[in-house]
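Listed here are the chains, written in short residue letters.
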Amino acid sequence: MSSPLYNKIVARKCQTSIYWAVKDEIRYRAETGKYIIRGFGYSGKLPDFDDLLLIPVHGLGTPSPIDQYRERVDTSVVIGKGMVKRPLRLSTPIMIGAMSYGATSREFKLACAKAVNIVGTATNTGEGGQVVEKQSDGSIRWLEFEYTKPNGYLIVQFASGRWGVSLEYLLNSDAIEIKYGQGAKPGFGGHLLGEKVVDEIAYTRGIPKGTDCLSPARHLDIRSLDDLRKVIKILRDIVGYEKPIGIKIGPGNVYKEVYAATQCDIDFIAVDGKYGGTGASPQHAIQGLGLPTLACIPAAVRALKDAGVREEVALIALGGFRDGVDAAKALALGADAVALASAIMIAAGCMMCGQCSTGKCPAGICTQDPELRKRIGGGKGIDEATKWIANYMKAVTKEVAQLAAACGHRSVREFNKEDLRAITVEAAAIAGVKLAGLEDYVLPQWRWF
Amino acid sequence: MPSLEIDATGLGLVEVNQKVRKAVKKGMRVIIKNAKHVDGLLAGLIKGEVEVEGDVGDYTAMLIGMREQKEEGLSGPRIVIHGNAGNYLADGAWAGEVVVEGDVGYGAAIYAYGGTVVIHGSAGDALGQLLKGATVIVRGDVGDVVGLYMVGGTIIVVGDAGEKIGDWMIRGEIFIGGSYKSLGSNVKERALSPEDKKRLKMLLSKYGIEADIGKFRKIVPMTSRPFYGKS
Chain A
1 MSSPLYNKIV
11 ARKCQTSIYW
21 AVKDEIRYRA
31 ETGKYIIRGF
41 GYSGKLPDFD
51 DLLLIPVHGL
61 GTPSPIDQYR
71 ERVDTSVVIG
81 KGMVKRPLRL
91 STPIMIGAMS
101 YGATSREFKL
111 ACAKAVNIVG
121 TATNTGEGGQ
131 VVEKQSDGSI
141 RWLEFEYTKP
151 NGYLIVQFAS
161 GRWGVSLEYL
171 LNSDAIEIKY
181 GQGAKPGFGG
191 HLLGEKVVDE
201 IAYTRGIPKG
211 TDCLSPARHL
221 DIRSLDDLRK
231 VIKILRDIVG
241 YEKPIGIKIG
251 PGNVYKEVYA
261 ATQCDIDFIA
271 VDGKYGGTGA
281 SPQHAIQGLG
291 LPTLACIPAA
301 VRALKDAGVR
311 EEVALIALGG
321 FRDGVDAAKA
331 LALGADAVAL
341 ASAIMIAAGC
351 MMCGQCSTGK
361 CPAGICTQDP
371 ELRKRIGGGK
381 GIDEATKWIA
391 NYMKAVTKEV
401 AQLAAACGHR
411 SVREFNKEDL
421 RAITVEAAAI
431 AGVKLAGLED
441 YVLPQWRWF
Chain B
450 MPSLEIDATG
460 LGLVEVNQKV
470 RKAVKKGMRV
480 IIKNAKHVDG
490 LLAGLIKGEV
500 EVEGDVGDYT
510 AMLIGMREQK
520 EEGLSGPRIV
530 IHGNAGNYLA
540 DGAWAGEVVV
550 EGDVGYGAAI
560 YAYGGTVVIH
570 GSAGDALGQL
580 LKGATVIVRG
590 DVGDVVGLYM
600 VGGTIIVVGD
610 AGEKIGDWMI
620 RGEIFIGGSY
630 KSLGSNVKER
640 ALSPEDKKRL
650 KMLLSKYGIE
660 ADIGKFRKIV
670 PMTSRPFYGK
680 S
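Those protein sequences? They're chains A and B, same order as listed.
So that you can map any letter, position 424 of the first sequence is 424 in our numbering, and since no number is skipped, the others follow by simple counting.
So that you can map any letter, position 227 of the second sequence is 676 in our numbering, and since no number is skipped, the others follow by simple counting.
Looking at chain A on its own, in the form it has when it is part of the complex (with noise of 0.2 Å):
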């Protein structure tokens, strides 16, 4: 005891304990009696992306690669093959996830709106209504719709709260998503303060100024799959049968939730992982709630085979896509499209200071106030925000297709699971892909899948 050492020692012990990184956080509890709220998405280290690599073929009784610089790879997708007039033919498999407006500004949404247009695929209201403008004769202009076009297209969501939800919304939309959960925080609903409900907000959401509004955690009223059943049959008649509709959850019991779905009558299915981000939420569902995205993909893939509805219902798989790579490997494992969100915002300017659910967004993004809101894309405006955002896209939409001509595909949408190989047991468990090196399942039941 009498050594000096000793105080190295035991501190040194302390600083490597599971308790080091979370002391702040304890004192923080302690001294206010609150939980943590903070936006973007899971911090930590679960299997994900990077436990999994593509593997390239050579032509030695294996595909030949596609000459990337020369031969063209396909990435168009569509969403909605099945029975609708007007499916999302996308040029890419790259989409924008769900955002609200009033989490984020009108002039990130109107950016990214103008960005699906360049690139050609689709973006997603998010659950706050759509960026509107009246008009001085009492007209409405649906700016958010109206930005998409003529190439891109905007997917209105119909979540629990049914904030700004309207007949004119629903036909001013290329597709509808019925919201059950996101990844940040399944089961929790959804949540915007009122301070962000400035009179904007308040217009496109239908409520008076500075009202908290709180997305029950459960649709009121869709109380049973036969519910369900009702209103996307209501829904498609209301839009003309023209429209995708589909269902978004978050990453929980993803089987048994995509499969219920199937059941209901859809075009889509959006599933949500873990590593998705929010506005604003409790820190103890962001980190605590969910599985993996490397989880959900090959369970809904198996729901939806199962199902016998794997060629009509488009996955679209959402939750901490940061690039191509990821992307890339998402597609091989199942999934259809992804949809990016936090990334998105990144790309538009976003510092990841995590002030998110302050509405103190430095960048211009997520915040209402109208001098914060001027520094989007850099203080230059939303157009300087759409280039970055556009360039972002195509440049991860020509990551996803070299390693497709890698893989020896001429289509994005010829990645399946045999290119892939996982370098953790972990991974290679979860996800159903075989282990480099052993180049076999660690799980016998895989090979059924």
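Bear in mind the hints are in silico, worked out from the structure with no lab data behind them.
Ideal Cβ positions, reconstructed from N, Cα and C, are used throughout, including at glycine.
Possibly wrong hints are sitting among the right ones.
[Unchecked claim] Covered by chain B, per the in silico footprint, the following chain A stretches (three or more residues, Cβ under 8 Å):
| # | region |
| --- | --- |
| 1 | 160 to 174 |
| 2 | 358 to 364 |
[To be verified] Below are the SDA-like pairs computed for lysine to any residue, each with C-alpha atoms no more than 25 Å apart in a straight line:
| # | chain 1 | residue 1 | chain 2 | residue 2 |
| --- | --- | --- | --- | --- |
| 3 | B | Lys468 | A | Glu242 |
| 4 | B | Lys496 | A | Gln135 |
| 5 | A | Lys233 | A | Gln135 |
| 6 | A | Lys233 | B | Ile495 |
| 7 | A | Lys233 | B | Asp590 |
| 8 | B | Lys468 | A | Leu170 |
| 9 | A | Lys434 | A | Tyr255 |
| 10 | A | Lys34 | A | Gln355 |
| 11 | B | Lys496 | A | Leu235 |
| 12 | B | Lys485 | A | Gln263 |
| 13 | A | Lys256 | A | Arg229 |
| 14 | A | Lys34 | B | Phe676 |
| 15 | A | Lys13 | A | Ser2 |
| 16 | A | Lys387 | A | Leu143 |
| 17 | A | Lys209 | B | Val669 |
| 18 | A | Lys45 | A | Leu235 |
| 19 | A | Lys434 | A | Gln445 |
| 20 | A | Lys8 | A | Lys34 |
| 21 | A | Lys34 | A | Glu195 |
| 22 | B | Lys474 | A | Ile238 |
Put chain B on the given structure of chain A with help from the hints.
Same frame as chain A, but now just chain B:
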């Protein structure tokens, strides 16, 4: 006004709603019979006068009216149901008038932004949950958890209510003429102001409902921020 009679026997949602929309577009008044099996009857209707003879199914008059009609004070469709209605009547409505002569099931006027829903019988649980601006009048009794998460609008119940009336209300008002089993969280009872009495009398008499205004009490939120600002 010319009228069209639709016998919905053997017809599905698409056929009935298409016939109604076409007729209304031509300025015709519509009478529908035998439509109890059609869930979503008249969903998305934006104008016209429709009467339904007999009972109707779930989600009748869902998403009726337009946002512009509410904002500009224009009238939406007028729907009269001479019978009972199933669950989720006038779900998410924005404008118009729905009158039900009988009883209604669970969740009437849920999420409704605007318009008026009048129920001459009784209503089940969950009436007016997350109501955002519509006016809902019930001549009879209502079930449990009426007005949950309301952010606007008015609910008037002439009869009795069940458990947790006005649970977690944020904005809006509930008038009750009878008794209730329990108050929800974040709500308090208040006496009616002379202005409230005048408005109540006007609304009830408009729909031929006789009631002793002196017996009514008003239920309002205790605070407009029951959830946030105290994580």
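**Report entry** Lys434 (chain A) paired with Gln445 (chain A) [C-alpha distance capped at 25 Å]
**Finding:** Given that 25 Å is the threshold and the Cα spacing comes to 12 Å, the pair holds.
Check: Is Lys434 (chain A) close enough to Tyr255 (chain A), meaning Cα to Cα at most 25 Å?
Finding: OK: Lys434 (chain A) and Tyr255 (chain A) at ~21 Å, within 25 Å.
Check your understanding: Taken at face value, is the distance from the CA of Ile495 (chain B) to the CA of Lys233 (chain A) at most 25 Å?
Key -> Holds, because 19 Å separates the two Cα atoms, which is no more than 25 Å.
Check your understanding: Holds or violated: Lys256 (chain A) with Arg229 (chain A), Cα cutoff 25 Å?
Key -> Holds: Lys256 (chain A) and Arg229 (chain A) sit about 16 Å apart, inside 25 Å.
Q.
Can you confirm whether the C-alpha distance between Lys474 (chain B) and Ile238 (chain A) stays at or below 25 Å?
A. 15 Å, holds
- Query: Lys34 (chain A) and Glu195 (chain A): Cα distance at most 25 Å?
  - Reply: The given pair, whose Cα atoms are some 19 Å apart, holds under the 25 Å limit.
Take the C-alpha atoms of Lys233 (chain A) and Gln135 (chain A), compute the straight-line distance between them, and say whether it is at most 25 Å.
33 Å, violated
Problem - Claimed coverage, the region 358 to 364 of chain A by chain B - three or more beta carbons nearer than 8 Å - result: As far as the region 358 to 364 of chain A goes, the hint is violated, because 0 residues have Cβ atoms under 8 Å from chain B.
Original post:
When you check the alpha-carbon spacing of Lys34 (chain A) and Phe676 (chain B), does it fall within 25 Å?
Top reply: 13 Å, holds
Lys8 (chain A) paired with Lys34 (chain A) [C-alpha distance capped at 25 Å]: 34 Å, violated
*Pair hint outcome, Lys13 (chain A) versus Ser2 (chain A) [Cα-Cα no greater than 25 Å]*: Holds, at about 18 Å.
Pair hint outcome, Lys387 (chain A) versus Leu143 (chain A) [Cα-Cα no greater than 25 Å]: The given pair, whose Cα atoms are some 18 Å apart, holds under the 25 Å limit.
Checked against the numbered hints above, the structure violates hints 2, 5, 7, 18, 20; every other hint is satisfied.
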